[in-house]
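Taken in order, these protein sequences are the chains called E and V.
Following our numbering, the numbering of the first sequence begins with 359 at its first residue and continues without gaps.
Following our numbering, the numbering of the second sequence begins with 13 at its first residue and continues without gaps.
In case anyone wonders, no lab produced these hints; they're calculated from the structure.
Quick caveat: nothing in here was measured; it's all calculated off a predicted structure.
Glycine residues also receive a C-beta, built at the ideal position from the N, C-alpha and C atoms.
Just so you know, not all the hints are guaranteed correct.
[Claimed, not checked] In silico SDA-like cross-links for lysine to any residue, where the CA-CA straight-line distance does not exceed 25 Å:
1. E/Lys-488 with V/Ile-32
2. E/Lys-492 with V/Phe-18
3. E/Lys-465 with V/His-16
4. V/Lys-310 with E/Glu-448
5. V/Lys-15 with E/Leu-450
6. V/Lys-29 with V/Gly-234
7. E/Lys-492 with V/Lys-19
8. E/Lys-465 with V/Ile-32
9. V/Lys-15 with E/Asp-466
10. E/Lys-366 with V/Ile-404
11. E/Lys-371 with V/Ile-404
12. V/Lys-400 with E/Tyr-372
13. E/Lys-374 with V/Lys-400
14. E/Lys-361 with V/Pro-243
15. E/Lys-413 with V/Gly-234
16. E/Lys-641 with E/Ser-651
17. E/Lys-609 with E/Tyr-638
18. V/Lys-15 with E/Tyr-453
19. E/Lys-488 with V/Lys-23
20. E/Lys-376 with V/Lys-310
21. E/Lys-492 with V/Pro-243
22. E/Lys-471 with E/Tyr-431
23. V/Lys-121 with V/Leu-76
24. E/Lys-511 with E/Asp-451
25. E/Lys-513 with V/Met-13
26. E/Lys-581 with E/Lys-641
27. E/Lys-376 with V/Lys-400
28. E/Lys-420 with E/Ile-571
29. E/Lys-465 with V/Ile-259
30. V/Lys-23 with E/Leu-475
31. V/Lys-19 with E/Tyr-638
32. V/Lys-19 with E/Pro-491
33. V/Lys-248 with E/Asp-429
34. E/Lys-371 with V/Lys-19
35. E/Lys-472 with E/Lys-371
36. E/Lys-371 with V/Leu-396
37. E/Lys-492 with V/Lys-246
[Stated by the list, open to error] So the derived list for chain V, only partly shown, Cβ under 8 Å to chain E, looks like this:
38. His-16
39. Thr-24
40. Pro-285
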Amino acid sequence: MKKVIEVKNLTKKYKKIKAIDNLSFDVYEGEILGLLGPNGSGKSTTINTILSLLKFQSGSIKVFGKEMNTDSYDIKRNIGVVFQEVAVFEELDVYDNIDYFCGLYIKDKEKRKKYVLDAIDLVGLSDFKKFYPKQLSGGLLRRLNIACGIAHKPKLIFLDEPTVAVDPQSRNNILDGIKKLRDNGATIVYTTHYMEEVELLCDRIIILDKGNIIASGTSDELKTLAKIEEKVTVEINNLDDRTLEEIKEFKNVDEVSYTNNNLIITYKKGENNFSYLMDYLKKEKINYNKIYSERPTLNDVFLELTGKELRD
Amino acid sequence: MFKHQFKYTLKTLFKSKSLIFWTYAFPIILGTFFYLAFSNIENSEKLDVIDIAVVETNEYNEDLVYVETFNRLSDDDNEDKMFNIKYVNEDKAKELLNKGKITGYFILKDKPSIYVKENGINETIFKSVVEEINNTKNMINTLSEEKIKGELIKGNQNIDYEKLYNEIISKINNYKSNIQNVSNDNLSYTMIEFYTLIAMACLNGAILSIIAINNVLPNMTGIGKRVGVSPVNKFKLILSSTLASYIVELLGLIILFIYTIFVLKVDYGSNLPLIILLALIGSFAGITLGILVATIFKLNDNAKTGILISFTMLGCFFSGMMGITMKYIIDKNIPIINKLNPANMITDGFYSLYYYDTLDRFYFNVISLLIFSGLMIIISFISLRGQKYDSI
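Isolated chain V, as found in the complex (with noise of 0.2 Å):
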């Protein structure tokens, strides 16, 4: 029984235009619509090489911390290349200013200054670069005179200055760990709007679910009314077609997959297992939703379909699908929202592959929908128990 009612849910559910259309189709064609898209507005959201000129002080000149990296930062062979530097002098500088051919000029006299016209992006990041030398330089200072006292109160009078040298162009070089250009880097627009899809994808397994359960619901519909009247257990029917439903929905994300690799050719990097254990629980979960909905409303298949399609694009929406801000909004001032809904628990998990070190919040959302799922299966058993209805 269990076997021929999974091949008839298969049958069926492959075989539904509206079906495939959600399940497959729609997915597809909304991911290539965000690869068109995004992909325009994220290639033209690229850092840009920001004019800056810098004033040939003897201080300048002097000083090689500061020497070392505006070159390493203006060297075209760098792919963190940040600036475009004129060395000049400071009218020249000023000059340049006020023409509007730089962003901003560095002078280092007595101490460092930086000098900008406009308030603005490349202006704040010049600042924070310019920042970023100066503390870097401090805790190299700091450190060497720490070295060179502790080599002296050991005795030591003949302090190997070229090491010493070496260790401070080695700190120097570590600045690229900290300034660097990352908007090229995976997670960007693009990727955000493809977690949101799969999230979405995962959860319109729901409506595959809706489709197959209401089959076997005598009140539902008139063919669980057929499936009513026959000697077969309804939980064993229900069982089977979740597992049809399921394995339905696990074939449209392989193909969601496969289209975002290979032909849109998204990166999921080197997590990409653990994106697709979270596809596989968080299908789970949209499996389990439309049980839910299936049972608890007694409406038809379209006006079920229509709240799950609402459910899920709200909760999409709210987790990042029209924008990151919103997932912001509602993570900050809502938070509750997000909690409780399970598009947020995918593309969060997702989030936390790139954001965190630790997988600790990547298994909390895991549970998080594991939780979910249960809590479905267990409100839609407690709907299902009673087998006899007041009207049908």
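Here chain E stands alone, though its shape is the one from the complex (with noise of 0.2 Å):
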């Protein structure tokens, strides 16, 4: 597959701390890759050092297989940005803030007129064309923020936590258009700290911390990593520790713990423990409230490379 962006050896210094420590990987032609890590990871720096923004120490960048420079205005032509933090104009309606970030890609009129609707219909905003920023919701305005980074139709697009502090709603929405991008043709690096999003929408997933890659692959690829294959989770009240102690004895189990009356079971391999756990229960007459069985999630697997969460 034709690479779009190719970083090697990449290194970022913020005065002594490595913010990019040798970061190396590649972006694939029409792929979501995923850029998981909690905050202070990295994952900010890399998408503003690709895209020079940031001075680096070391390593190299290119994009659409040029060097990528402040001045590469045919690679920037190309590419569109959505950045984590919402910049738009408080003094322009919705139209006309699109337009504006449109204008500095597009310079015919008409075309920018179709792309400016076109971006507006994506992210859902028609009904607000007229309203101004301070008008709309949080969620909203998140769209706003991608409608303007997106607008141009560019061919690659970085999506820098497009999602926080978003109702549901709109992120059902956000999601739904960075998809619809995808089948359009762009290649996205998208970034996160939400791991189902990641789960959801991407090819690939680089997970970072510290600046460094810890794991990169499918997601059921990283969760091979993980060395749980099932979680079963049970709501009971008053288990005696002898109870605790026999579960703990099960075929398959790696952990059992108990609190604030949730049992949570975690097996080596996932094959027939749900139903072994029901009869027991059943045998044992214990009641509960709720029992639910999970496959490993991404977290577990950042759980197990660095032994802290992902959200921490």
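Combine both chains into one complex, guided by the hints.
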């Protein structure tokens, strides 16, 4: 597959602190690459360095096969960026905001008008064209922020945590919009610390911590890195120590914990664990309120690799 | 691209309520305040007509210079009337002075003398006027003697005394240019305040360029970051934003001039075109000052605007906005401050139009402002050259 971004041995320091440490990765045409990591892991710094906004100490960056510089206007013309912070003009309405940013890329007025309306449609702001940013809710504002970054129909899009502090309805709208962009042929680099979004959207995932890649691959590939295959949670009132000890002896069990009336059992392998547990509870006449089984998440992977939660 | 940026910079600037306030409303509000506050002070400070007495001695009645001059300076039809004169004998004059009915009295016996009871502005004016009359009388006497001697040396025994008399009277009439009440003329407290007000309005244009330029600098605002990753040359955007800011600023100045001339009835006199020229250049200096503040301080818009307004207000204070005395104190004790102070360059340029017959000092201030603007641009350019940042 064609490489759209090639990052090799990239190192970026803020004074003596390494924000990115010898980072190398590629982004392929038509994929959504997720950069996953906790706050401060180097996701935004990586994007800003690729975009030539930040100086870096060593390494190389190529975009569309060419070295990226501040004056690489032919490359920049095909890039769209949605930064983490909402960056729109308070004094301009929705249409004018998108038109302004789109106008930095598209000179032709008629073409631009069509592109702006397409972007408004994509993010679901058709009913808010004449609204000013302060009249929009947080979710709608985020949608406007996205429209401003992608209206010029770029081939490569960077989305830096576009769903932070967004209501579920707007989040779904945004995620649907991103899928549409990919379906229309765009290559997307998506950073977030929401693992569910990455699992839902991304073809490939790179997990960053302290400026280093600690794992990469598809969601399923990454999950194999977790030492567990299944996690069962049971809501039980007053579980005695004897029962707890017996459960610990079950086949495949890795760890058992009981806190706040929640019994959590993690299994090294994921075969027939749930039904075996159900039978045991029935036999012992133990009443429970709720019981459910989960496959390991990327958070478990992150926990396994770093010893800390993704959202710490 | 230039047009696109220009159009949207104009649009955002015109729609910003705080900018409209500082650029358009604030100078008008301040101007109205000055008008209400200082015009009253000025009226109260107009020179009063001074009550004096002249002792009618033989010497006085025979001295045409004194008689004519005092008549004219106490003439009700004279715009520059300075004295209400009572013609009395010496005893009556003393009595009036002791009772405080007059500021002083003039007596001409062997030599001209004045008597006053206190030291004050009126007494000083009275004394100065009499000294002026004496000096001029001496000058006329000298001229007359020289003229008569000259005629006699030429062998002309038939001197035309009537012609000589007319020349003397003409000299007396020339007193008008030396002794007059100038307190109603244009250069007044109010005018000084309006000059500093215009200076402030010019420099407040910097707020416009701060906001406009911040929006194209990636290390300053989110919008700037977005613009920074677009395929557009940063300097082209800055040039376009600067031009738009300048136009918004000039419109503010036009409104200020219209308001002060037609509503507040400020008389800028015959120098209005030069005043406008200085205001145009002053505004440009303000805009370039804003570019510098925008590029060198990594702060948010509000903090930068705060710095700028503080700088402008302090500059205007040093150049006489809250009282002309401050300008004199700074000019006398720390002249370098006002030499570098753009607000003073503007106000001093305005003053010079009234204080000096030539335009040398006016153009000195114009050139100073252009040099100041050039420096602002050069420093900004240098700080903008690096297009990648260590952090954003």
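Please flag the earlier hints that this structure goes against, numbers listed from lowest up. Violated hints: 8, 21, 26, 31, 34, 35, 37 and 40; rest satisfied.
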